[in-house]
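Going down the list, the sequences are from chains A and B.
Quick note on the numbering used here: the first sequence kicks off at 1 and runs consecutively.
Quick note on the numbering used here: the second sequence kicks off at 1001 and runs consecutively.
Read the hints as simulated data drawn from the structure, not as lab findings.
Predicted model, so just to flag it, every value in this text is computed and none were measured.
Take these hints with a grain of salt, some might be off.
Think about it this way: if two alpha-carbon atoms lie no more than 25 angstroms apart in a straight line, the pair counts; the simulated BS3-like pairs of lysine-lysine are [said to hold, decoys possible]:
(1) Lys1149/B - Lys14/A
(2) Lys1051/B - Lys39/A
(3) Lys1149/B - Lys1130/B
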Amino acid sequence: MADLPFFDLFLHLKKSGMPLAPEQYDLLRQSLEQGYGIKGWEDLRRICRLLWVKPCPNADNDLFNAAFDRYIQQLTTEWRSELEPPDDLAVNTLVDPSALPVVPPRQMPTPRPSPEAQAPVAVKTAPPSFSQTKPNPKFHLLPTQHPVTLEIIRGSWQMMRQWVKDGVDYELDLDETVAQINRDGFFSDVVMRPCLSQRAELVVLVDENASMTPYNPAIQPLIDAIADRRINPAKLYRFISYPDEFLYDWQDPTQALPLVPILSRLHRSRTVVLIVSDAGAATASYSPERVDGVIRFLGQLSPCIRQLFWINPLPPERWRSTSAQAIAQVLDGRMISLDPGSLQRVARTPFPLLSLR
Amino acid sequence: MKTLSKLDYYYTGDEAYQPTINTKDPQGRRYDPYVAGDDLKEAVNLAIALKRPLLLEGEPGCGKTRLAGAIAYELTQKNFKGQMAEDGKPIWWNYYIWTVKSTLRARDGLYRYDAVARLRDAQLIGSDPKRLQEYIGKEESDELKERLKDKKSYREMGALGEALRDPQYRPVVLIDEIDKADSDFPNDLLTEIDQLRFEIPETGERFETPDDDKKPIILITSNREKPLPEPFLRRCLYFYVAFPEEAQLREIISKRFGALRGKDKLIAEAIAHFYEVREMLVQQPGSRPPGTSEFLEFLTALSDRSVKDAKSDLQNLANRLPILGILLKTKSDQDLYRKTFPGKRNG
């Protein structure tokens, strides 16, 4: 502990899912040596936040704060059980005792939330204390609390717009040609490179099944982003359960649009398709007709597009033994629930041509 | 100049080290008073102490970019105050700005090599030196010959390259709006940011990692238009510049608008209304709440008018499109404003 101060804190945060490397610990050690973060818990928290919190989903401020709070809770509970009387908290040499009141006094024993998800077991306990959220008379859901924020959508869209090889054409690479002349001292031949294009277009297909109704607010940021042309070009269509021969217009849901002309307008190196559907997971049902219909549709779709996402608003545990599981298998990791991590993972993996019946 | 070890790198943001409004350095870059919160100062000092780049994010107009200038100015005042260079001009702290554009490559911040110019020069000399002299005159053709002898004359150093080239102390480098560039850009910069050394294959030059007391102080700003890659983030300290609290905003205003004194009531009213507008827009997804810089422009516009006119503008902002347009930049935001604060408000 004397050599590696707060190493357990580092390990605790790493265990909570923050992407920390030994180098990150070294930064903390250096900061402590130089006198930063030694004036109490809040001081330490600020320094750790500066060093370790990053603007990406698995290292963000909320995750850090929650993990840091848990660490302090654990530590104080340990101290309390070790020390009698509890007023004598100031045994630790590193921390100035005057700074300790930041830690809220806790009752013993406290039910500690563990970082791993645990299976719910019916045990009679005291009601859980929500220390951070004040009890609200009504339940409010703000647009900012949606699992997928506008920012992540924008970020993923930027990522989809990466440069890709477009067609079989080649163009003159002037820079490389000049560099070659410079290297060789004379002109031998021109250097060609494949044409690159940065275009991408999005097609969103939203399942209008009744079981999807509760999840409509969750996909609203995406719909808004398309309506405001923040994502452009993009098209929205509706379907019910699975797209058969028709898709339905977004603005005018009664307008049936034949599938074949729509597919013919998609582009193998530009079109990104996003399907939003529970695939039967919400009603916990397995329908062979639905699975067949979806597979038939995907077979038609996959040669026409560059990338496919299937967002299932239900968590993967709920897909089991439903049509969703069968479809997810066909999609091989492309069916994801609404969390930013897997959204970005799929955005990074190239889409293979699905060989379906 | 003080000896290297005695240079004071601690950023305080104190009154004593603040420039007056519209101070300019020999390169014509502008410096203004800067109010930094304690958290931000701590972040800056930690980044300086750990010799890591500081990545700044925050709403547009919160003063991310101007922080680097404020640091450079304070370091000048602390260490070089009253000192003159040989040419009799005051010495300024070395401060390099690299404004990133979407077409830039990472290498452009280090150097550019104009191979085409070299090729052209070589061909000109090679064709017919006598006639060449006739055409472009002796002076220019001599210049051309000199240039061609030295490969280095075709390379131009970028901001980061300049800072790493031969530092005498720790220069300040600002990499502004890194998210504007291609998504590979930050990854291409990893070695340079991490090890602070680079080479120029065209000329065979190598620039090794500077000593600890000469490593640049690097600030990077981003508007979050693109997610930055994790390996890049791991090498930076990260600070989110929040929108200033009311007290801090007052301080910023009093520093930036010394001349506005006597209009205290008007300012108080403007601030109160500004927070109302922000409050309204923060709740609204997809809107763009005005930042500090917009508010300062807004105040400038108001301060150009008489107190009476400004007051009536402020109370009837919904119908004063030019002034409202300084705060709210989109039509939907302006419409929302008109709906929330219709017509004449009571001041």
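Going down the list of hints, with the structure as the test:
1. Distance check on the hinted pair: Lys1149/B and Lys14/A sit about 56 angstroms apart at the alpha-carbon level, beyond 25 angstroms; violated.
2. For the hint linking Lys1051/B to Lys39/A, the alpha-carbon distance of about 22 angstroms falls within 25 angstroms, and the restraint holds.
3. Taking the CA atoms of Lys1149/B and Lys1130/B, the gap is about 18 angstroms. The hint holds against a cut of 25 angstroms.
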